[in-house]
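Q: So you can see what is in the structure, the chains are spelled out below.
There are 4 protein chains.
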Amino acid sequence: MLAELRGLNEECGIFAVWGHEDAAKITYYGLHSLQHRGQEGTGIITSDGHELSGHKGEGLVAEVFNEQVLSKMNGSAAIGHVRYATAGGGGYENVQPLLFHSQTGSMALAHNGNLVNANLIKSILEQQGSIFQTSSDTEVLAHLIRRNSGWLMKDRVKSALKQIEGAFAYVILTENELIVALDPQGLRPLSLGRLGDAYVAASETCAFDAVGAEFIRDVLPGELLIINEDGLYSEFFAESRDEALCTMEYIYFSRPDSSLNGINVHTARKNLGKRLAMEAGIDADVVTAVPDSGVSTAIGYAEASGIPYELGLIKNRYVGRTFIQPSQALREQGVKMKLSPVRGVVEGKRVIMVDDSIVRGTTSRRIVSMLKAAGALEVHVVISSPPIKHPCFYGIDTSKKEELIAHSRSTEEIRRLIGADSLTFLSTEGMLEAIGRPNTSKNCGQCLACFTGEYPTELYPDSLQYYYQK
Amino acid sequence: MLAELRGLNEECGIFAVWGHEDAAKITYYGLHSLQHRGQEGTGIITSDGHELSGHKGEGLVAEVFNEQVLSKMNGSAAIGHVRYATAGGGGYENVQPLLFHSQTGSMALAHNGNLVNANLIKSILEQQGSIFQTSSDTEVLAHLIRRNSGWLMKDRVKSALKQIEGAFAYVILTENELIVALDPQGLRPLSLGRLGDAYVAASETCAFDAVGAEFIRDVLPGELLIINEDGLYSEFFAESRDEALCTMEYIYFSRPDSSLNGINVHTARKNLGKRLAMEAGIDADVVTAVPDSGVSTAIGYAEASGIPYELGLIKNRYVGRTFIQPSQALREQGVKMKLSPVRGVVEGKRVIMVDDSIVRGTTSRRIVSMLKAAGALEVHVVISSPPIKHPCFYGIDTSKKEELIAHSRSTEEIRRLIGADSLTFLSTEGMLEAIGRPNTSKNCGQCLACFTGEYPTELYPDSLQYYYQK
Amino acid sequence: MLAELRGLNEECGIFAVWGHEDAAKITYYGLHSLQHRGQEGTGIITSDGHELSGHKGEGLVAEVFNEQVLSKMNGSAAIGHVRYATAGGGGYENVQPLLFHSQTGSMALAHNGNLVNANLIKSILEQQGSIFQTSSDTEVLAHLIRRNSGWLMKDRVKSALKQIEGAFAYVILTENELIVALDPQGLRPLSLGRLGDAYVAASETCAFDAVGAEFIRDVLPGELLIINEDGLYSEFFAESRDEALCTMEYIYFSRPDSSLNGINVHTARKNLGKRLAMEAGIDADVVTAVPDSGVSTAIGYAEASGIPYELGLIKNRYVGRTFIQPSQALREQGVKMKLSPVRGVVEGKRVIMVDDSIVRGTTSRRIVSMLKAAGALEVHVVISSPPIKHPCFYGIDTSKKEELIAHSRSTEEIRRLIGADSLTFLSTEGMLEAIGRPNTSKNCGQCLACFTGEYPTELYPDSLQYYYQK
Amino acid sequence: MLAELRGLNEECGIFAVWGHEDAAKITYYGLHSLQHRGQEGTGIITSDGHELSGHKGEGLVAEVFNEQVLSKMNGSAAIGHVRYATAGGGGYENVQPLLFHSQTGSMALAHNGNLVNANLIKSILEQQGSIFQTSSDTEVLAHLIRRNSGWLMKDRVKSALKQIEGAFAYVILTENELIVALDPQGLRPLSLGRLGDAYVAASETCAFDAVGAEFIRDVLPGELLIINEDGLYSEFFAESRDEALCTMEYIYFSRPDSSLNGINVHTARKNLGKRLAMEAGIDADVVTAVPDSGVSTAIGYAEASGIPYELGLIKNRYVGRTFIQPSQALREQGVKMKLSPVRGVVEGKRVIMVDDSIVRGTTSRRIVSMLKAAGALEVHVVISSPPIKHPCFYGIDTSKKEELIAHSRSTEEIRRLIGADSLTFLSTEGMLEAIGRPNTSKNCGQCLACFTGEYPTELYPDSLQYYYQK
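Those sequence lines, one after another, are chains A, B, C and D.
Note that full-length UniProt numbering gives residue 200 to position 200 of the first sequence, counting from 1, and the numbers run on in steps of one.
Note that full-length UniProt numbering gives residue 22 to position 22 of the second sequence, counting from 1, and the numbers run on in steps of one.
Note that full-length UniProt numbering gives residue 135 to position 135 of the third sequence, counting from 1, and the numbers run on in steps of one.
Note that full-length UniProt numbering gives residue 332 to position 332 of the fourth sequence, counting from 1, and the numbers run on in steps of one.
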């Protein structure tokens, strides 16, 4: 399951609002609905037209902010961020939005994604005397904006955006302007909405529902939106290239109630499950999901196959960051922490276990063995994505040392390693059809790099070293 | 939904272990799996054979305990508790287990349930000079145990248990004995298990799975278990009366992976859903659940009716105790906090909304209106229990001022109040058959008081005043 | 220095106010000025005429209370407490005031002192079925009050006070009455004041200055004050016995700006220093104090001897409860935490080091050696009290295992052990004259038990065991 | 008293150690002894020879660090900082040391002082594309170091130091070097010491005593110390100019046990008091100090005048950052928080009140009135420094809006405003002689700018604007 990678990726969530008297609170509720995209840190910066100020901290939205803090955050514009820690780059300094003051004005930035040429740019800027205080890609853009000349902020931003490459969705706030930008491949999701007279932007549409806003449209690849007192103005900073939205957003990241490209994620997952049932064609007694991402898929699988869907695995909702891990001895005695099999459901049954993906395989092996210990006669693992064979450089960094189990192994070899009675990966074609992006032309509009190795952007030495070290 | 009542009830979870070198840690993991039964406070008391000591606090298990605290809790026996706050009785003092020292020995108690004659006993004891420091029923039992004579602890406990009436599951720990007791009607669930050479007891069997223990059997109504270095010894403190297990444990409280009376809760709920589909016979496009308790039921409903099950409502998992409630103005603009409708699923559809119960009706009305605002054409509310017409005195206290919507209203009147297109309550017979306790004889073994008004115990003035004020 | 004993004693501070609209806040400021009497925990209980409520916690007054908590504490009467932890009896449960609810009314109590027959009474009450939840003497009085019959609260309190023996200053609050009581020997200080129309009572008069109240008079030994809407009413619960105020209150405990028996503590200490200078007659270059209690004394010593007073030892004000103790290795390298010698002041000088007392001697030895390491040629230790040869049972419990260095040693032996060039204890006569309580008659009005072994009350087995184990 | 200014100044403390296996702990204890120089935030950065890492936070040293955090801070070199919040520049970002990573190495800086050309440099650097993330002067130096070319770190630092002007004491740590630098006027104190084989540097010598280190010498004005595995190397980055140590370090800032220029601060203050007694020649009954800075001075005054020194004012040690300020109403009723007069000492007496300085005069007025309310017949205010007539630009920023009471008023006018019976300021000559820096030549080695308006450095527009707005 892709959750194995969490802790390694930089998947985050961003939110922005312009023109609402309760900008900070709206952002609070918006970020709260994006909490599944990052739980390590969060921040909000507001503008009252004269200055930028804000608050940030490590932890959940509901932990970092309280009534007192929020009530002091005035202003009708705000941007916010929820963040996942990267391997080495945790800590308060890296919590976004980043806020930069200069004698000519201030600027706050929040970023979802990963640049592939960040280190290259950093080297050049450092040689020119720049100092970086965070390990965040976001700071790279800030330096580029500052160093570019141009009378208007939007022109400096535009020049800067042309210099960076990779996956990025940005919201940038100055005293009197909100700028929203998406990378030329549209690798990360980013949508625009309307809340009364105010504009909102968010990583996922579920944030619009959370604040009572209406969806207008997705931000387009290579698009730059400038929102200020004159209204909303759109232009493109890049000649549009082929769209390549991260497919894992459908498979795993996004909330079921969000829509990507006009397709509801829950529905897409049900379709993945239906297609998977067709492709797998396994005879069994119950279908069960690895919660939470596998649930919609499993429901679809059950519907198409006629095999009943059951809660064969229960997830404990109260596992927090401070939970005490069981010792090895206790673990061997059977102490469980996060997932429990439901003996009354799986005992004596042939079980189909639906998951989103297999990365390292260790979690899959643990769950299969848990189900068998609870009495499952057979465990058939069905996966709603093709094998992940290649690293991602766009925000889901696989570390160098942790092998992708599918990188150099056949499905049969993986099956044996995880101890399943059968293992089925969804085909690439099946996946694309299920999410409504059939591969009829050369370009399906989705990034498939982790399955196929075909990357939609240039790669740079600091990206490539991951690849060749494997 | 019954969750409306939370904050008003005293539903809790208890856990005990005897004879395991990691008694405190085992209790920690056990309580963690019972966290759904109470999130306001928790505590663990251990015995090392010479003295009792422990730690408790307000908050979640993972918040109250840390490695350092747990590592200092020695001893091979422990009891623990997770607690729901009552209306007026929150605060550190009321967090259990309660620990009482005297010059002749110590005693710790943890309790799940509610006594109906607690105030009566308190009055008598106070007239005799006793002082109560908590508002908890648990302290009443402690005083009775201390005042009863008898050479053996178990005899004093037995005498004390005969004096109290109501719903109660107790675990009591002294320096050298663990005592487990259940009320004569077995109103609260309580099970016995084995973990290697150690004994464990817990409110639900999911705690056994969490710690790798094996289920032995349910504790019987009116039974007293004494566990000490001589082993396990059982006797009855009450001539067994008719069993009357709280039916809401199946409908709402228990975790889907627990078993009550040998019946898996998830399976029971699916059966409730199937029966409900038969009884309701509604034509619609999608079945959706009010999460979490409605999920299993909705799956069963979908299976039986052939109408597809969809995620029409999403629950935000990150709503914590410190979350900032939206103001009325923001709420009216559509800011949501806990439940979001999935527009992509319900828009233009006739929706069947499955919930466990209706108490005050306000939540149901809000969800119906949310679904309609998200584009649902019709909303048919189906409820997996009969109308709740009578207050509960056994741990789910309905407050005096909050009317039960069904107390004096017809189903049609309720339907109109919640704005649904149709409303179906499951019949009592249907419910009992679905959970495998058919009402063939006078006694089905379940408490049905909140539906029928027939209470399985005596009632006392302080219970009855609730009733007559309504 | 007596501070060595801290952590072992039960010296505390109490405050009460009746008839002020800001009762909780007044108590907050009063307790804050008594913070030197106890830093481990604090609490305030208020009465609004109908019910008692409050807040307490572990830590300093400024840590436990905040604006929000205080602003919710309504009522025109309040009692409060600051507490020192006892060896084994720390923890939230023992933080005072203790609050007891019964069906006929509530009662809160706060206590400064130590009962000598508490365990005896506890045994008897436990045999009669009482349960004690704290290890505090305060709970003993609560039980006695409850068990005594009598129509009026004051009569029940009076009967209860007659049953206890030892050192005690109590403030007791009910819904409509404030009761203030002092033990028959007046072992602990307790004063009465007036703040506009309101009455206040406090352990030390500095609390009156802190809240702008006027001192009326000290509460008398064996006196009971009842304050309610009818005004202030005084009676005696004990036939007055010989007054025996703890002499250490002058020497060490009380704040320099308080007055005891009409004598300002700073002035008393200066007089102690002057007398000590006369008795010691040492030739030296500088006089320095062990801060803080030795400061006034050293000033007096310098004035009388003509030897200049210097800051030879500096106390770090920022040593808090959470400070990290230096390891043994670092300590040996000279890492200091709390007291630093001032090399520029003591180097090459003959130093007179003024301290309040010597208990175990370890601290004195450390300071002498610190001064010598900083270059002092000679260190003459002068102590403003006689040798402490006997344990105290009235609130300054010396533990069994920690020997009093003076119990069985001559002054010369002690001098050698602490490494001083000379050692002078003040004579008992000198001490009494200096504090204005000359020993002209048999009874000077002061308790001298720790110097002479003559205890002003009966002793009981649980007190005496300390003595005989030494 | 100068403490009025606190909250407005940037007075801080720095500490560094090179070559000690417990570098982080040594720094912890060193900073703890410098806590009086700043209580708002603190941090420590260590180097293990390969990388820099650390921890910082808002609050006291003992609050920000705990055993767990410290035990993870490996490395044999460390720098640390305690900080005072500036008016607008509080917050986590501004807590020092600042840590800067680049692809060619890392660098940490901590700073005590204030630059007078910081804003000028910032403007220039921003025009060249630099981004500043803090409002701290320290970041200015970091940018200059990075932008200067030079093969060796020390050469880049040297060039950078030549560009800045004002008061500065810096400690700079890289992976393999510790650099210590003092401004050309030596405006801030900075000393060098030895701890076994390790070197230490600190703002005050009291930190050497705290960690068991030996004082070697003061760092010289314009000196740059480089400490690395080759040993200690000294050079000057500035042609030495006239020394001008801040005189307020003697009067107010430094701890009594520190030595500045070989003069013990307590002794210097006593001498100030003796000289003040001579100059004032007032007849009175008692001498009392405004604690803490006035204590040594008052002792000297008493010694020289023969008038007894008494504790006429008591400071509450437990006033923390979270203390609840009394409302205006309570303040008028006499509620006191920080300072209490000792009625028993001042009643009916003619009191000499010794303080270090008068800035705005409001505090002096409050104390005089407090003493009179406590019964003082006369209050004679004597001040151990001349009138402060000019703003300071070197770390003790007087804000624009808060007038210096002495700027345009005679001593008599001030006396009337503060309600004293007499007011004496020490003469400049008297002050310099007392601290052993007699004004025999043009240059006494002390900065007297706040008294005379003669500033030892150039001033720049952003400094001067303070001046002309007054």
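Accuracy of the hints is not assured; some may be wrong.
Repeated chains share a single entry, so a pair holds when one copy, or any two copies, can fit it.
Claimed, not checked - With a straight-line Cα cutoff of 25 Å, these simulated BS3-like cross-link-like pairs (lysine-lysine) come out:
#1 LYS389 - LYS372
#2 LYS372 - LYS162
#3 LYS274 - LYS349
#4 LYS372 - LYS315
#5 LYS372 - LYS72
#6 LYS315 - LYS338
Since the hints were derived computationally from the structure, they do not count as laboratory data.
Q: State whether the alpha carbon distance between LYS389 and LYS372 is at most 25 Å within one copy, between copies, both, or neither.
A: neither (28 Å within a copy, 44 Å between copies)
Q: With identical chains treated as interchangeable, where does the CA-CA distance between LYS315 and LYS338 reach 25 Å or less: within a copy, between copies, both, or neither?
A: both (6 Å within a copy, 19 Å between copies)
Q: Check LYS372 against LYS162 for me: Cα-Cα at most 25 Å, and say if that holds within a copy, between copies, both or neither.
A: neither (53 Å within a copy, 45 Å between copies)
Q: Classify it for me, LYS372 with LYS72: is the Cα-Cα distance of at most 25 Å met within a copy, between copies, both or neither?
A: Close neither inside one copy (54 Å) nor across copies (35 Å); limit 25 Å.
Q: Can you tell me if LYS274 and LYS349 fall within 25 Å by alpha carbon in one copy, between copies, both or neither?
A: both (21 Å within a copy, 21 Å between copies)
Q: Under a CA distance limit of 25 Å, which applies to LYS372 and LYS315: within one copy, between copies, both, or neither?
A: Close inside one copy (17 Å), not across copies (30 Å); limit 25 Å.
In summary, the numbered hints that this structure violates are 1, 2, 5.
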